[in-house]
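Peer 1: With the hints as your guide, set chains B and C onto chain A.
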Amino acid sequence: MTIDRDEVDHVAALARLKLSDDERETLRVELGQIVTAFEALADVDTDDILPTAQVIPLVNVERDDVAIKSLPRDEVLRNAPRVEDGQIYVPPVLDETS
Amino acid sequence: MGRDLHCLTLHAAADGLARGDFTSVELTTALLDRISSIDANIGAFLTVTADAALSQAAAADARRATGEVNRLDGLPIAIKDVLSTAGVETTCGSRMLQGFIPPYDATVIRHLRTAGAVMLGKTNMDEFAMGSSNEYSAYKVVRNPWDLGRVPGGSSGGSAAAVAADECLAALGSDTGGSVRQPAALCGCVGLKPTYGRVSRYGLIAFASSLDQVGTLTKDVSDAAMLLGAIAGHDSRDSTSVDTPVFNYLADSDDGLHDLKIGVAPQYFGKGLAPSVGSKVREAIGTLVDAGATEREISLTHTELALPAYYVIAPSEASANLARYNGVKYGLSDVNASDVDEMMAGVRAEGFGSEVKRRIMLGAFALSSGYYDAFYLRAQKVRTLIKDDFDAAFEQVDVIATPTAPTPAFELGSKLGDPVAMYQSDIMTLPASLAGLPCISVPCGFVEGLPVGFQLIAPAFEEERLLRIARLFERFRGDMEAPAREVDSL
Amino acid sequence: MSAAVSSDYRAVIGLETHVQLQTESKMFCGCGADYAGDEPNTHVCEVCLGMPGVLPVINRKAVDLTILTGLALNCRIPENAKFDRKNYAYPDLMKWYQISQYDLPLCEAGHLDVVTSGRKDRIGVTRVHLEEDTAKLSHVTGSDGSPASLIDVNRSGSCLMEIVSEPDITSSAQAMAYGAKIRDLLRWIGVSTANMQDGELRIDANVSVWRQGEATGDVKVEVKNMNSFRALGRALDFEIDRQSRAREAGQAIVQETRGWDEDSGLTVPQRTKEYAHDYRYFPEPDLPPLLIPEARVSGLRLRLPRMPDQVAADLVAEGCPAGDVEELVQDRVLTEFALSVVGEGVMAKDAVTWIVHELRRVLNDRDVPSGQIPLQATEVASLLVMRGDGVVSSTMASEVLDEMIATGASAAELVASRGPQISGEEELLAVARDVIGENPQAVEDYRAGKARAVQFLMGQVMRVTKGKANPGVVSELIRRQLDGVE
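Residue numbers (numbering that gives the first Met the number 0), protein chains in the order written: chain A, 0 to 97; chain B, 0 to 489; chain C, 0 to 485.
Next up, chain A with everything else stripped away, as it sits in the complex (with noise of 0.2 Å):
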């Protein structure tokens, strides 16, 4: 199976990753390879096979309704990288209209 540059495009851009063009080139053909070596996937027949999604028969694991105690506000903002009136900071979200 081959990939093609714009699928690793649409691919980057779902996964908000910005590609160099070495790095594009070289994600389309390892992603290829790494593909084509799963087509053996394909050839089972899982028809009437269930899918896992977890390995542990477990169901219904819920907690009350309780509050707790937050973090203290220092904690909460300690790492972020710029803070402002309590808030965190980030450059402008572009407006969504346009």
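Note that these hints are calculated values from the structure, not bench results. Treat the hints with care, as some may be off.
[Unchecked claim] Keeping only pairs whose Cα atoms sit at most 27 Å apart, straight-line, the calculated DSS-like set for lysine-lysine is: (1) B:Lys270 - B:Lys414; (2) B:Lys139 - A:Lys17; (3) C:Lys467 - C:Lys348; (4) C:Lys219 - C:Lys180; (5) C:Lys223 - C:Lys85; (6) B:Lys414 - A:Lys17; (7) C:Lys180 - C:Lys119; (8) B:Lys380 - B:Lys270; (9) C:Lys119 - C:Lys348; (10) C:Lys85 - A:Lys17; (11) C:Lys85 - C:Lys135; (12) B:Lys380 - C:Lys85; (13) C:Lys180 - C:Lys348; (14) C:Lys81 - B:Lys386; (15) C:Lys119 - C:Lys219; (16) C:Lys465 - C:Lys449; (17) C:Lys467 - C:Lys449; (18) C:Lys135 - A:Lys68; (19) C:Lys180 - C:Lys223; (20) C:Lys81 - B:Lys380; (21) B:Lys386 - B:Lys270.
Peer 2: Coordinates of chains B and C only, in the frame set by chain A:
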């Protein structure tokens, strides 16, 4: 002192502390000295918390002076940098988290603190636990203590090398597809991956959530049992942790190996396995048989499909787990970017290494519209087939024995250009990971001066059985004639 | 807006309603959910901040409230439900995925009956599912003078329920009625305070138009950012007209997301990228699935109060004016109060009308929310009984009610302290004569056939007697005086 305290096992050190042969401060000092004298050549540690370790050791000594203490109290342990440690930088081997100081402790860290263990520092690892050679650490490579030109395995390469080079008595690692067992095999130590759900994942930085499990790297099986006893148990903060009794894994119910049926599957002894490794593993199985166990051939039919299934499922989950690293809340950032999209995309381009990008791309691809059914869903169905194989096998046998890794430690750089070849390093460990089963890698000999490990796999939540058999193997194997470690010539 | 163009076209509207649930703690962590008015980032922990290594734990009450909503909306509650990860990249989403529900929601296949211009229509409810809310972004000028955005994480991880309707809605009026009815219902069953202006209730619309007789197209436009029911109506009117005109002009409708701009009264395309809708859902590996046994559903069904439609139908059958009843049942507390008053032996019609008009007015004047009525139903009932028996006049009853709320005194005490109603003809005749003598203009008006003059004179008598005069007696006396019967 006159004795090399840093060479002790956990249980020998516990005995020494209990007898008053030495103090925790002396023991901790010996290990910190060892780290400062050799780690520049090994690269096992990313952070050494010497001051904190010494004050924890002093506190442990004080507790011991005034009364009864836990067996782990005062024992120095290293922690893979994948575990969140309150107030101590936690990078997960990535530039993305350089300088990140978590506000909270992982549940296993909380358990260790409660038990009184001394934390020496955070060990090196492949970035976000993605890798089988530790060469994907964003900071530095880790060298195999047996041969400094070779890899220690990965992703818990720092923890395995630290144990193997006597830089700590024991270490915590994490295992998603073999990340504890494979480096344990390559470094000649014991690597235990518990059943998925046995140990809390809270605070374990997620790579592939349905596979990740905290594991131990130790010098022998008793130490693995001792450490597991401290970290296992239900945690209300981890909805996938199972509320099942935690046994006294150290209890020596020494009823021998008679009645024990060992399953051996031809699928693990086929192509890809170095013949020299295969014969060492066969010898190990022979040791168990000589001690009274019965060997049974079993068939784990879908073993070959574990590799593609794993490398679809794990990257898919990873692509979501690693989405949060975008420069907004913590870690690498660029607040001067022109707009937030620029910042987030730029941070991800700069902060992630090549293997992480490759897996994120692979995961996003496998989940994307149009490919979901052919890749992600199909991989999950194959996962069912693999699990069913194990369930059927455990109808016939008590434990399954396989090689841990197809080859001994390979040379640094030798697989970096070929991701598929690198992924092949995990073929022996992936199937049991997909099935969530407890496994242990135990050293079983040397090939060309390098350690070889063999893997035992037990049914879910049968850690007690797994550890008992592994310990009996260790006893029947006896002390191995070890070749010289390159680290000893430093 | 051109009716001529629009009349050939029919709108197909589906609504997605997001509701903040009334819980103590957030959806997947123990942070307090009541952060309104608190300082930013004071209700945040490592979980809702999306720190490395954290794991979610499901809030049982949020699941219960969602099922309760599903039951109120006549949904089926499937036995199997699970959470999934919905992947999208936006700075207000801490993990860059939202834990939501994809193919196995908690509630499915319900409906809601909506009355528009007197016509009742059944609107299908596709599903009700549970997810987590995002943080709050605000756009500011940073301290260095350049534009920036600030993030308050308090809202992140709050319990958010989504109600998805079938595309059964055909007009803006019907959409508004549906929205209002959902809001009233959510308040009625106590799952949310559902204030739209506070963001507790958010409604997005999917709109398409088709020409009568033609098959419906599959291109739909999503419209967002409506902060009130009025905005919802205006946005839909605009969008229906816009699409109708475009189709009339032979232009293709682009599948897109548009935002309602309140100031300009327009919907405008939002910045979207072609990959934006590939959410790459997959089962949340950190949360085991939910298995909802029938016992849990029936237990919740027992907690469900009678629905407003049923209560209203009963009250109308008992002779209450439909308009008053409709107003009453928008407020469950007031409705319960009215039913209690009726339970004390007051005629339903008297209780409902009086509560809707008088009690609500007095509560409103004193700024008392209906949830905090400082009165016992028995007290209000005894006041209404006294009024019915002619012991107090309507005017006096209203004044007494106001004093009851102000002082906490009982109706009987207050009525006794004012003295009872004056019904004695002699006493009232003296007052009526004085009043007539002082108002010659009113007498002339009466003679000129203006019946209202009697009302005016009665009012004057009431003023002099401080409202204690029996209005029936006074009215009779005044008429007799004016007609010169005596």
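Peer 1: Look at each hint and say if it fits the structure.
Peer 2: We went through each hint and held it up to the structure:
no.: 1; hint: B:Lys270 - B:Lys414; result: holds (18 Å)
no.: 2; hint: B:Lys139 - A:Lys17; result: holds (24 Å)
no.: 3; hint: C:Lys467 - C:Lys348; result: holds (24 Å)
no.: 4; hint: C:Lys219 - C:Lys180; result: holds (24 Å)
no.: 5; hint: C:Lys223 - C:Lys85; result: holds (19 Å)
no.: 6; hint: B:Lys414 - A:Lys17; result: holds (26 Å)
no.: 7; hint: C:Lys180 - C:Lys119; result: holds (13 Å)
no.: 8; hint: B:Lys380 - B:Lys270; result: holds (25 Å)
no.: 9; hint: C:Lys119 - C:Lys348; result: holds (24 Å)
no.: 10; hint: C:Lys85 - A:Lys17; result: holds (21 Å)
no.: 11; hint: C:Lys85 - C:Lys135; result: holds (19 Å)
no.: 12; hint: B:Lys380 - C:Lys85; result: holds (21 Å)
no.: 13; hint: C:Lys180 - C:Lys348; result: holds (24 Å)
no.: 14; hint: C:Lys81 - B:Lys386; result: holds (22 Å)
no.: 15; hint: C:Lys119 - C:Lys219; result: holds (26 Å)
no.: 16; hint: C:Lys465 - C:Lys449; result: holds (25 Å)
no.: 17; hint: C:Lys467 - C:Lys449; result: holds (26 Å)
no.: 18; hint: C:Lys135 - A:Lys68; result: holds (21 Å)
no.: 19; hint: C:Lys180 - C:Lys223; result: holds (20 Å)
no.: 20; hint: C:Lys81 - B:Lys380; result: holds (18 Å)
no.: 21; hint: B:Lys386 - B:Lys270; result: holds (22 Å)
Going through the hint list in order, the structure satisfies each hint without exception.
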